[in-house]
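2 protein chains.
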Amino acid sequence: MRYQLYYWPSIQGRGEFVRLALEEAAADYVDVARGPRGTAAMMGLLAGKGTATPSFAPPFLVAGRQVIGQTANILLFLGSRLGLAPKTEAGRLWVHQIQLTIADFVDEVHDTHHPLGPMRYYEEQLAPARLRSAEFREQRAAKYLGYFEGLLASGGYVAGRRLSYADLSLFQIVEGMRYAFPKAMARLERKLPRLVALHDKVAARPNIRAYLASERRIAFNEDGIFRHYRELDG
Amino acid sequence: MRYQLYYWPSIQGRGEFVRLALEEAAADYVDVARGPRGTAAMMGLLAGKGTATPSFAPPFLVAGRQVIGQTANILLFLGSRLGLAPKTEAGRLWVHQIQLTIADFVDEVHDTHHPLGPMRYYEEQLAPARLRSAEFREQRAAKYLGYFEGLLASGGYVAGRRLSYADLSLFQIVEGMRYAFPKAMARLERKLPRLVALHDKVAARPNIRAYLASERRIAFNEDGIFRHYRELDG
Numbered sequence: 001m002r003y004q005l006y007y008w009p010s011i012q013g014r015g016e017f018v019r020l021a022l023e024e025a026a027a028d029y030v031d032v033a034r035g036p037r038g039t040a041a042m043m044g045l046l047a048g049k050g051t052a053t054p055s056f057a058p059p060f061l062v063a064g065r066q067v068i069g070q071t072a073n074i075l076l077f078l079g080s081r082l083g084l085a086p087k088t089e090a091g092r093l094w095v096h097q098i099q100l101t102i103a104d105f106v107d108e109v110h111d112t113h114h115p116l117g118p119m120r121y122y123e124e125q126l127a128p129a130r131l132r133s134a135e136f137r138e139q140r141a142a143k144y145l146g147y148f149e150g151l152l153a154s155g156g157y158v159a160g161r162r163l164s165y166a167d168l169s170l171f172q173i174v175e176g177m178r179y180a181f182p183k184a185m186a187r188l189e190r191k192l193p194r195l196v197a198l199h200d201k202v203a204a205r206p207n208i209r210a211y212l213a214s215e216r217r218i219a220f221n222e223d224g225i226f227r228h229y230r231e232l233d234g
Numbered sequence: 001m002r003y004q005l006y007y008w009p010s011i012q013g014r015g016e017f018v019r020l021a022l023e024e025a026a027a028d029y030v031d032v033a034r035g036p037r038g039t040a041a042m043m044g045l046l047a048g049k050g051t052a053t054p055s056f057a058p059p060f061l062v063a064g065r066q067v068i069g070q071t072a073n074i075l076l077f078l079g080s081r082l083g084l085a086p087k088t089e090a091g092r093l094w095v096h097q098i099q100l101t102i103a104d105f106v107d108e109v110h111d112t113h114h115p116l117g118p119m120r121y122y123e124e125q126l127a128p129a130r131l132r133s134a135e136f137r138e139q140r141a142a143k144y145l146g147y148f149e150g151l152l153a154s155g156g157y158v159a160g161r162r163l164s165y166a167d168l169s170l171f172q173i174v175e176g177m178r179y180a181f182p183k184a185m186a187r188l189e190r191k192l193p194r195l196v197a198l199h200d201k202v203a204a205r206p207n208i209r210a211y212l213a214s215e216r217r218i219a220f221n222e223d224g225i226f227r228h229y230r231e232l233d234g
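Chains as they are written, first to last, in this note's numbering: chain Y, 1 to 234; chain U, 1 to 234.
Worth flagging that the hints you see were computed from the coordinates, not collected in a lab. Warning: the hint list may mix true and false statements.
Pairs count within a copy or across copies, as identical chains cannot be separated in the list.
Calculated pairs, DSSO-like style, for lysine-lysine (alpha carbon to alpha carbon, straight line, at most 27 Å) [to be verified]: (1) 87 x 191; (2) 87 x 201; (3) 191 x 201; (4) 183 x 49; (5) 143 x 201; (6) 201 x 183.
Take the sequences, apply the hints, and build the full model.
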C-alpha cells in the first residue's frame with residue numbers, strides 16, 4: 001500500500017505527526033503537496049472533488065479508496081497497520097486518547113501567536129499574544145507537559161513497553177517547544193526528565209534519525225504552529 | 001453494563017455530547033459528579049488514583065475496568081456498543097473524523113469568550129473577546145457550519161442513512177449556537193436548511209425529547225462553552 005499524505009508543503013504543522021509515524025515505520029508514502037500540482041490536488045479533495053469524505057482541513061491521508069482526515073484519526077488508522085499501536089482495543093483507545101490530548105496542547109500552542117483567531121496576521125495581535133503566551137508559559141505548558149511526564153512514570157514508552165505513534169508525537173512536542181519557547185522550555189525541562197529521555201530515545205531511532213537529517217524534514221519556521229517569537233518567550 | 005460518566009455537574013459543556021449518545025440509546029448510566037461525593041471521586045480519578053489511564057480533563061467514562069477520556073474517544077468507544085456508529089471500519093473512522101471536526105469547532109466557540117486563555121475571567125478579556133467573536137461570527141462559524149451542511153447534501157444523516165452519534169452532536173451545536181449567538185445564528189441558518197432539518201429530526205426522537213424535558217438536561221449557562229454574552233453577538 002502506497003499512502004498519499006496531503007498537507008501544506010512548507011511547514012511541519014499537524015502533518016508532521018503523521019510524517020513521523022510513516023517515517024518510523026519506513027512506510028511507502030508520497031507527501032503529495034510537495035510535488036508538482038500537489039497543492040492543487042489537495043485543494044480539489046478539500047472541496048469534495050472525487051471523495052465522499054472531504055476533510056475540513058489538511059492533513060488527510062489517501063489509502064486505497066479511503067480518504068481519512070483529522071491528524072489523530074489518521075494515526076488511529078495507521079497505528080495498527082504500521083505496528084505503532086497496541087493490539088487490544090483498550091490499548092488502542094488509550095494511545096488515541098493521549099494523541100487527542102497532544103492535539104489539544106498543539107491547539108493551545110497555536111493560540112499563543114493567534115489568540116484573536118487564525119484569520120488575522122500575528123503582527124495584528126501582538127499585545128493579546130503576549131498575554132496569552134504568558135499564561136501558556138506559566139501555567140498551561142507546565143500542566144500539559146507535567147501530565148505527559150506523569151504517564152511516563154513507569155519508564156519505557158508512554159503507553160507501556162512498546163513504542164507507539166504517541167511517543168513520536170511527544171518527541172515532536174519537545175522539539176517544537178525547544179524551538180518556539182527556548183527559554184521557557186529550558187526551565188520546564190528541569191521537571192520533565194522522563195519526557196526528555198523519551199525525546200532522546202526517539203531521536204536516536206535509525207529511521208527517525210535518517211528522516212531528521214533528510215530534506216524530507218522541513219525546518220521549523222514562522223508559518224507553522226511552533227513559531228519562535230522572542231517577545232513571546234518571556 | 002452500567003456506564004459511569006464523569007463531568008462537571010453544573011454545565012452541559014463537552015460532557016453533553018456523551019450524555020446525548022447515552023440518552024438516545026437509553027443506556028444504563030450514572031452522571032457521577034452530579035451525585036453525592038461525585039466531584040471528589042472525579043478529582044481522584046483525574047489525579048490518577050485507582051487508574052493507569054488518567055485523563056487530562058473531564059469528561060471521562062468508566063466502563064467496567066476501563067477509564068476512557070477525551071469526548072470524541074468516548075464516543076468512538078460507545079458508538080459501536082450503542083448502535084450509533086457504522087459497522088465498517090471506514091464508516092467508523094468517517095464518523096469519528098466528523099466528531100473531531102465538531103470538537104475543533106467547539107474549541108473555537110470556547111475561544112470567543114476566552115481568547116487570552118482559560119485561566120482569566122471573561123471580564124478580564126472583554127476587548128479581545130469582542131474581536132475574536134467578530135471573526136468567529138463572520139468567518140469561522142460560516143465555514144464550519146457550511147462544511148457540516150455540505151456533508152448533509154445527500155439528505156438523511158451526516159454519515160448516511162442511519163443516525164450516528166455525530167448527528168446528535170450536530171443537534172447540540174445548533175442548540176448551542178442559537179443560545180450563544182442568537183442574532184448571528186439566525187442569519188447563518190438561512191444557508192443551513194439541512195442542518196436545521198437534522199436538528200429538528202433529532203429533537204423529535206422520543207428518547208432525546210424525553211431527555212430534553214427532564215431534569216437531567218442542564219440548562220445552558222455562562223459557565224459552559226456556549227455562553228450568551230450580548231456584546232459578542234454583533
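Evaluation of the provided hints:
{"no.": "1", "hint": "87 x 191", "result": "neither (32 Å within a copy, 45 Å between copies)"}
{"no.": "2", "hint": "87 x 201", "result": "within (23 Å within a copy, 38 Å between copies)"}
{"no.": "3", "hint": "191 x 201", "result": "within (18 Å within a copy, 51 Å between copies)"}
{"no.": "4", "hint": "183 x 49", "result": "neither (45 Å within a copy, 33 Å between copies)"}
{"no.": "5", "hint": "143 x 201", "result": "within (23 Å within a copy, 41 Å between copies)"}
{"no.": "6", "hint": "201 x 183", "result": "within (23 Å within a copy, 53 Å between copies)"}
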